[in-house]
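Enquirer: Sequence:
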Amino acid sequence: MLSLKDIKKDYVVGDSTVSALKGVSIDFRENEFVSILGPSGCGKTTLLNIIGGLDRYTSGDLNINGKSTKDFKDCDWDSYRNHSIGFVFQSYNLIPHQTVLSNVELALTLSGVSKSERRERAVKALEQVGLGDQLHKKPNQMSGGQMQRVAIARALVNEPDILLADEPTGALDTETSVQIMELLKSISKDKLIIMVTHNPELAMKYSSRIIKLLDGKVIDDSDPLDKNVVEPIKKPEKEPTKADKKAAKKERKKLKTSMSFLTALSLSRNNLMTKKARTLLTSFAGSIGIIGIALILSISNGVQLYIDQVQSDTLSSYPLQITKTTASIGEIMNTMAKNHEDSANHDKDKVYSQNAMGEMINTLMEETKVNNLEKFKKYLDDNSDLKDLTSDVQYTYATTLNVFTESDSGVMQVNPSTLLEDMGYMSSTQMEAMSMSGSMGGMGTDVWSEMIDNEELIDKQYDVIAGRLPEKYNEVVLVVDKNNEINDYVLYSLGLLDPSSLNGIVRRAMAGEDISVDSKQHVYTYDELLDLKFKVVPTPDFYKKKDGVWEDMTGDESYMKKAVANGTEISVVGILRPDEDASSASISGAIGYRHDLMTYLIDEVDNSEIVKEQIANPDIDVFTGLKFKTDENAADTDSSSEIVSDSTADTESKADKTADSSDTDKKAGLVAGDSSMEIPEGMTEEQYKALMEQSGASDTGELADMGMNAMGSMDMSAIQGGDMSSLTETQKKYIASLSDEQMELMKQMLKEQSDTNADQLANSGKYSTSNYDNNMKTLGYSVVEDPDSINIYPVDFASKEKIIDIIDDYNDSVGEEDKIEYTDYVGLMMSSITSIINAISYVLIAFVAISLVVSSIMIGIITYISVLERTKEIGILRSIGASKRDISRVFNAETVIVGFVAGALGIIISYLLTIPINMIIAHLTDVPIRASIPVSAAVILIAISVCLTLIAGLFPSRVAAKKDPVIALRTE
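Using our numbering, the first residue of the sequence shown is number 1130, and each one after it goes up by one.
For the record, the hints were derived by calculation from the structure and aren't laboratory data.
One or more hints might be untrue.
Unchecked claim - With a Cα cut of at most 27 Å, we get these calculated DSS-like pairs of lysine-lysine:
id, residue 1, residue 2
1, K1756, K1906
2, K1346, K1690
3, K1453, K1405
4, K1862, K1202
5, K1253, K1267
6, K1506, K1948
7, K1253, K1266
8, K1690, K1948
9, K1691, K1453
10, K1906, K1507
11, K1253, K1202
12, K1662, K1649
13, K1137, K1266
14, K1673, K1334
15, K1601, K1589
16, K1320, K1199
17, K1320, K1196
18, K1137, K1202
Unchecked claim - Beta-carbon label-pair distances, calculated as ranges:
id, residue 1, residue 2, range
19, C2076, E1914, 29 to 37 Å
20, E1998, E1330, 35 to 43 Å
21, D1915, D1476, 50 to 58 Å
22, S1337, R1248, 47 to 55 Å
23, V1913, L2053, 38 to 46 Å
24, G1261, S1351, 30 to 38 Å
25, L2053, D1941, 33 to 41 Å
26, L2083, S1148, 49 to 57 Å
27, K1662, Y1971, 29 to 37 Å
28, D1915, A1975, 53 to 61 Å
29, S1315, R1185, 26 to 34 Å
Everything numeric in this text was worked out from a predicted model, so none of it was measured.
For every residue, glycine included, the Cβ atom is placed at its ideal position computed from N, Cα and C.
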């Protein structure tokens, strides 16, 4: 089983060599109780350590089960100690910070035994030595004999083949010594026990074999195996196959010892708990650097959050704007400057003109570009990355949002606002320019604006102080300022104050008249404002068809009342107030409406009769009946083309017109019931009589007179369109008296008249001063797929740069005619601020990191001190089979614990310190900066603390791993 052959052990001390063992050869049986006797210094303990694998022999050979150990590596010796050897020491060598049960379990953890089996086997071993009721005690709570029993239980728990006992009774009284010897004797029935002792009496009484050593040599063996001659090792009958070698390798791997990191953590945690005060102070010292960095990050994060909010709020008011027609102002200025420099190449002996106006016009024409927004919109809609980079992508259209209010005095236009024009402050052209400025993020004249389609951003920027946010297209919100006030311009524009009192006030003031303006502060309840109602009227509803053309009826008060009454009702459903921390607001007007209101309005316009007619007749101006001027007919526009030169043709034309007019008059008289009228062309006498009999004209002329009088002032286009609301009572009575045939005749007459008028206008030789596109724009016609402008609202400046990259990618993928020009109103206004804040933060962190490194070095020193304090524990762990790597893992685990505690302590203290820091910031500044440590930063800082302490502990852990287990066991 175990055989020592000519074992020698030399120690080099300075320049001399000391021989501890001088050719010891001993063979042991599988189960016997062997006592080794000899004076101090004879080599007993050295022999025991070599047998136990704690020390290495200088020469000779140690055979285990017929296998030589000459080629054993460290891992083989570790496995040998763990699975084949059990140590019982004179000083017990129990780990003081572990319980009795944990001390016994420790050897099993290195063997990879499961927790449940480990617990079961440890309890059984302790019960075997009579300590089944002492499982959870610490070693310092037990007597010497009990501790030695624990040591024996630990030696037996892994069921080793050999039990090595080094002076097991040296520190015990006589009675306890007898108990321990009896226990060992009983164990020797199944195992080989080798005991080193100075007590010959105990050896004689309990041992089955006594070996005496003197000066490193065996001088006596009471029961040698075959007269102390080692039998030669039998060679295997056949060479091992590949399968045998593979199986042997697998078996060695299975027997390989390894301590789990959790076990290492448990050992280190228990050790640190015995030094709570020192551990806490060490962790606090290590946390100082973490606290400094965490506080810098918290303030930096607060500033960054504020900047992000400012960016988000600012960019919600100043988007990247792409209009259908655009011009690069920068390019225009550069071109004009270059042209000016080039034009100065002349002598200075005379004064020369400078073609500034011509250059400006030419440059403007060259740099003005029409963007293909229909194609670009499709590209944006198909881009999946855009959603994460933007708060919203808003499409605006040329369709005008016509909003009115109704009152007893009539209707008032609310949007587009005409208040400043009515006051005489500016012209309609200036008003239009101001409205465009408002759409670009400037100060416009309209109080109605489209809300950004991002409810989360609106929630951040506004507080809903009454009602709710709109959910339907016909719902809007009213926006007040931070003081719950509404500008009186808004009140006048919305009709809450009488705008007529301001009519011409600017002109009168400039003329020197005495004027007065209502300066009283008006108060409105939330309910009053939530009761506000408006009407939206599509632009085509302003027009009415008369005599074949469409007439603008906005000057007809009664018509406008009916048009507004038939409009779409809009309700105020909520009142918003800007959040105190919001630096900007996305709703530029006092009334915010949803995008789907515009979509609804576009559909209404597109489905109107006038728009359909204009689309069906793209060459004819529906407002005048004249043809649009085109390239083909442009040559016919001078005045001579308007006169028909052929007099015969002119006479014939006039005759035709006269005939047509006469026939129309006849039909009109017939409809009116006038029996004196001649029979119209195309009607027989019988048809004429029958028609007159139906009207009763053969009996009385009263109806005929009423009919002629009624038709004289009747709105014929109203009859043609079926609208009777504009007729007088007499006209309605007359219409009611007509038969179906007469009504059909009347409609035919009106259609013929309308067609004749339209044909006469279209063929008059004159041309409309407008064009098709202008007419469609006037009517508010839009196509959803082809917006008038696109407003892209980036989340922040970094996102804006990525969006610009997306636009550039689009421009690279299309031809020159489809490239997009955009306007960036914010530009680089704040983009450098984030870089500055980050740079300052990095510099401060770099300074504070020095303290973090210093504290890590200190933790490394503390860990080294811990290595010195736990030297004996290192020896114990090595004796039960722990490898050098396991020892390193134990101290690495200790540094991990200290680093984690330091990091967590630093984060907790930093969180507490942010409370007074925020109070100080709030007291000193009005800027809503809130210092806060991001969760991700806190986790990263703790990880950094762990990593730094782990790195700092690498050197002490390597020192621990290299310690000689024999020397370590001797350390007190």
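Enquirer: Taking 27 Å as the top limit, are the C-alpha atoms of K1453 and K1405 close enough?
Expert: This hinted pair is violated, its Cα atoms lying about 73 Å apart.
Enquirer: Sort out whether K1266 lies within 27 Å of K1253, counting only the CA atoms.
Expert: holds (16 Å)
Enquirer: Within a Cα-Cα threshold of 27 Å, do K1601 and K1589 meet the stated pairing?
Expert: holds (21 Å)
Enquirer: Straight-line Cα separation of K1137 and K1202 no greater than 27 Å?
Expert: holds (19 Å)
Enquirer: With the threshold set at 27 Å, check whether the alpha-carbon distance from K1320 to K1196 stays at or below it.
Expert: Holds, at roughly 19 Å.
Enquirer: For the pair we were handed, K1346 and K1690, check the Cα-Cα distance against 27 Å.
Expert: This hinted pair is violated, its Cα atoms lying about 129 Å apart.
Enquirer: Given the range 53 to 61 Å, decide if the beta-carbon distance of D1915 to A1975 lies inside it.
Expert: Between D1915 and A1975, where Cβ atoms are some 54 Å apart, the hint holds.
Enquirer: Can the suggested window of 30 to 38 Å be confirmed for the beta-carbon pair G1261 and S1351?
Expert: For S1351 against G1261, whose Cβ atoms are near 36 Å apart, the range 30 to 38 Å holds.
Enquirer: Given the hint of 38 to 46 Å, is the C-beta distance from V1913 to L2053 inside that range or not?
Expert: This hint is violated: roughly 52 Å between Cβ atoms.
Enquirer: Are the Cα positions of K1253 and K1267 separated by 27 Å at most?
Expert: Holds. K1253 to K1267 sits at ~18 Å (cutoff 27 Å).
Enquirer: Hinted pair, alpha-carbon criterion (27 Å max): K1137, K1266. Please report holds or violated.
Expert: violated (42 Å)
Enquirer: Falls inside 29 to 37 Å, the C-beta gap from K1662 to Y1971?
Expert: violated (57 Å)
Comparing the model with each numbered hint stated earlier shows that hints 2, 3, 4, 8, 9, 11, 13, 14, 19, 22, 23, 25, 26 and 27 do not hold.
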